[in-house]
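S.K.: Given next are the chains, with one letter for each unit.
Number of protein chains: 4
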Amino acid sequence: MGEYLHDHPVTPRTEDEKQKVINRLKRIEGQVRGIQKMVEEDRYCVDILVQISAINAALKKVGFSLMERHTKHCVSEAIKTGEGNEAIEELIEVIKQFSK
Amino acid sequence: MGEYLHDHPVTPRTEDEKQKVINRLKRIEGQVRGIQKMVEEDRYCVDILVQISAINAALKKVGFSLMERHTKHCVSEAIKTGEGNEAIEELIEVIKQFSK
Amino acid sequence: MGEYLHDHPVTPRTEDEKQKVINRLKRIEGQVRGIQKMVEEDRYCVDILVQISAINAALKKVGFSLMERHTKHCVSEAIKTGEGNEAIEELIEVIKQFSK
Amino acid sequence: MGEYLHDHPVTPRTEDEKQKVINRLKRIEGQVRGIQKMVEEDRYCVDILVQISAINAALKKVGFSLMERHTKHCVSEAIKTGEGNEAIEELIEVIKQFSK
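Chains as they are written, first to last, in this note's numbering: chain A, 7 to 106; chain B, 7 to 106; chain C, 7 to 106; chain D, 7 to 106.
Hints in this document: simulated from the structure, not taken from any laboratory.
Possibly wrong hints are sitting among the right ones.
Identical copies carry no separate label here, and so any pair may be met within one copy or between two of them.
Dumping the calculated DSS-like pairs for lysine-lysine here, alpha-carbon to alpha-carbon at most 30 angstroms [said to hold, decoys possible]:
| no. | residue 1 | residue 2 |
| --- | --- | --- |
| 1 | K78 | K43 |
| 2 | K66 | K102 |
| 3 | K32 | K86 |
| 4 | K43 | K102 |
| 5 | K32 | K78 |
| 6 | K78 | K67 |
On a predicted model such as this, the values are computed, not experimentally measured, just so you know.
Can you build the whole structure from these sequences, using the hints too?
M.R.: Right, here's the structure in full:
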């Protein structure tokens, strides 16, 4: 990784795209607060664990949609301009981390 | 699953235990807010994906520590009182969801 | 981990139990050979990747069923004889590896 | 998925590439046989579970290397010829299955 780092995406997200991702993250933030409350109220451990799994699934979903957009824009652009290999290796690296 | 649901853990968490879990969840909540900011500021997709992986890892860590406590208390208690199988099947079910 | 290692399960598997697990593993072995053939025949990468995912899922399924049996027998036995904590910590350790 | 299926990779694997993948798969096949033997010999469940995790990790490693090659060849080719979106959606789909 590392050599191919940008500060910004090649194609900036539209306001609408941003808002959708942020809304999903706000919902996830709310779910994390929900778990704090469950712990405070001494709720049954298995119910808390089920909630944590749900948050993980929601986060992965956001991740996959960002990954798809990233591949369609940044990686594709890199491939067209001959910088494909670095972009692809960086992508595979992040996929590996994701699938842990 | 389902038949063995409790509303509360057999051994209530101490205030100190609760506080530790809540502190970890507050940190995770902050990380989720951090990602929202990254999206707003149009930060590089791969950096955002790396952050999402980090949150997933942190959530799993909390999950595993709750799972250990649950097994040491609730499941152990169930085993000693002859209700072990239901508690274990419920545990395995939640582990499966977790490892997705 | 480590301190609580046995050479054999507390309750030996019946011949029937063994045979079922072995049959599932033989099928998985066949699937792995199938992928080798796909690679030799230059089959489409995505089809090969789908097959690898299927094998991973099948292996996890075998793993979860062994895990359930292990918890119902070895771990339960350990809990009843007061050695529960070591057995549970060992179990959680292996669950962590599994969910990677 | 589905609409973008090829029977063969755009760039055929070299004999050397094929042999490397096949060797790794043969080793995995041997590991699966090893687990069968462990079950037959009534070995300790946790040791078997550790072995299953190791096979899963090895399979994922093969998968990621195929995925990298696929993206560098087939997906890149598709992007250059304007069929990128279908190829990328197919790729993301298989990544999702992989990270389960």
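S.K.: All hints are to be evaluated individually against the structure, with a verdict given for each.
M.R.: Going down the list of hints, with the structure as the test:
In this assembly of identical chains, K78 and K43 lie within 30 angstroms of each other by CA distance solely across copies; the values are 22 angstroms between and 39 angstroms within a copy. Within a single copy, K66 and K102 get their C-alpha atoms as close as 13 angstroms, and across copies as close as 9 angstroms, so both meet the 30 angstroms cut-off. With identical chains, the CA atoms of K32 and K86 are never at most 30 angstroms apart, being 35 angstroms at best within one copy and 37 angstroms at best between copies. When the C-alpha separation of K43 and K102 is checked against a cutoff of 30 angstroms, the pair qualifies only between copies, where the shortest distance is 24 angstroms, while the shortest distance within a copy is 33 angstroms.
With identical chains, the CA atoms of K32 and K78 are at most 30 angstroms apart within one copy only, with a shortest distance of 25 angstroms there and 34 angstroms across copies. Within a single copy, K78 and K67 get their C-alpha atoms as close as 17 angstroms, and across copies as close as 24 angstroms, so both meet the 30 angstroms cut-off.
Consistency with the previously given hints fails for number 3 only.
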